[in-house]
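S.K.: Sequence:
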Amino acid sequence: MVEFDKSKYKVKKLFEDGGFENGFYIVPLARDDDKSIPFETWKYNDSKKEPSWKIIQHYSRYCLWEDRKDEGDPNIIADNGGSKRVVYNPEEKSLRMTLDARKVYQGKSKNYKYWPHLLIDQRDICDYKNMPEGDEKKFYSANSDKIVAEYDIRILDYVPTTNPEDVNACQFVAYAYLNLVGANWIYFGISPFDNRGRIPFMFRKETGGNNHIYTLTTEQVFGSVENSLCPEPFNVKVSDEWTHVEVDLTPHIDAIMEAANRDNIFGRPVSRDEFYFSGTNIGFEIYGNISCTVELKNYNLVSYIKKEEE
44 MVEFDKSKYK VKKLFEDGGF ENGFYIVPLA RDDDKSIPFE TWKYNDSKKE PSWKIIQHYS
104 RYCLWEDRKD EGDPNIIADN GGSKRVVYNP EEKSLRMTLD ARKVYQGKSK NYKYWPHLLI
164 DQRDICDYKN MPEGDEKKFY SANSDKIVAE YDIRILDYVP TTNPEDVNAC QFVAYAYLNL
224 VGANWIYFGI SPFDNRGRIP FMFRKETGGN NHIYTLTTEQ VFGSVENSLC PEPFNVKVSD
284 EWTHVEVDLT PHIDAIMEAA NRDNIFGRPV SRDEFYFSGT NIGFEIYGNI SCTVELKNYN
344 LVSYIKKEEE
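Note that my numbering numbers the sequence shown so that position 247 is 290, with each residue one more than the last.
FYI, nobody ran anything at the bench for these hints, they're computed from the structure. Be careful, since some hints might not be right.
Derived lysine-lysine pairs resembling DSS-like cross-links, with alpha carbons at most 27 angstroms apart [unchecked claim]:
no.: 1; residue 1: Lys-350; residue 2: Lys-189
no.: 2; residue 1: Lys-280; residue 2: Lys-136
no.: 3; residue 1: Lys-146; residue 2: Lys-350
no.: 4; residue 1: Lys-151; residue 2: Lys-136
Model the full structure from these sequences, guided by the hints.
M.R.: Structural data, given as structure tokens:
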């Protein structure tokens, strides 16, 4: 838990619809870069508000929309091939996500080069470049006095591979997008678990792209490996109990600035006030014949600005 006197700060949650109440846009399978294909909309109530979140399903063989299975419950969307199932719980305001990569790999993950994904995504959360100076802009800035990542999570099911000679990676990852104004961004990883054990520290260039990835260690996310969702390799904690995660990102933003300037990552010196948070994604990446179900709620970045002394 992050300990500080929150009464001395003005507070803003950066992501809209933290309870997932307004439904989702469904991004077509493996065609999310084709703007001519419209997103479909999964609405499970009569909310007049447009969804803030998208469901993204890279490389997963079956499409949640085109191949959907009608289970007669508006709170459930699943594909007919059995690879993906998403359940909204209106009482908890939580989202239960299942990715069964066994349905994608069919026992032979090494013969399929992609990692199936099932993610929720929210981006372009502010028009930062055109915002006037003031508190509202500072909330989104990396120069906010504190930025805290929060979520509650539980792993409800985990069925590992039956082929130990194959690739066996199951990740539920969380990235916040930390943008340099007018340039590329950093995927800021606050990841819940990796079935291979400790989530390593990472700051590197994105494979095949121009952005960078900064990922916290398991200890930095949970306080210790023992308190994490995978204390030992392939020993995943399956439980009905919620695990609360709360991480102060502020010192890590300072570490990013120091490393970026030391290694001249952006071609010139940079500072915190040139960066802002523009969005997030969180969800599954699986490479192996593994099925996993995770439930998530209260996911957000919370920005704090110190009140003026009275």
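S.K.: Against this structure, judge whether each hint is valid.
M.R.: Going down the list of hints, with the structure as the test:
no. : hint              : result
1   : Lys-350 / Lys-189 : 12 angstroms, holds
2   : Lys-280 / Lys-136 : 22 angstroms, holds
3   : Lys-146 / Lys-350 : 53 angstroms, violated
4   : Lys-151 / Lys-136 : 36 angstroms, violated
In summary, the numbered hints that this structure violates are 3 and 4.
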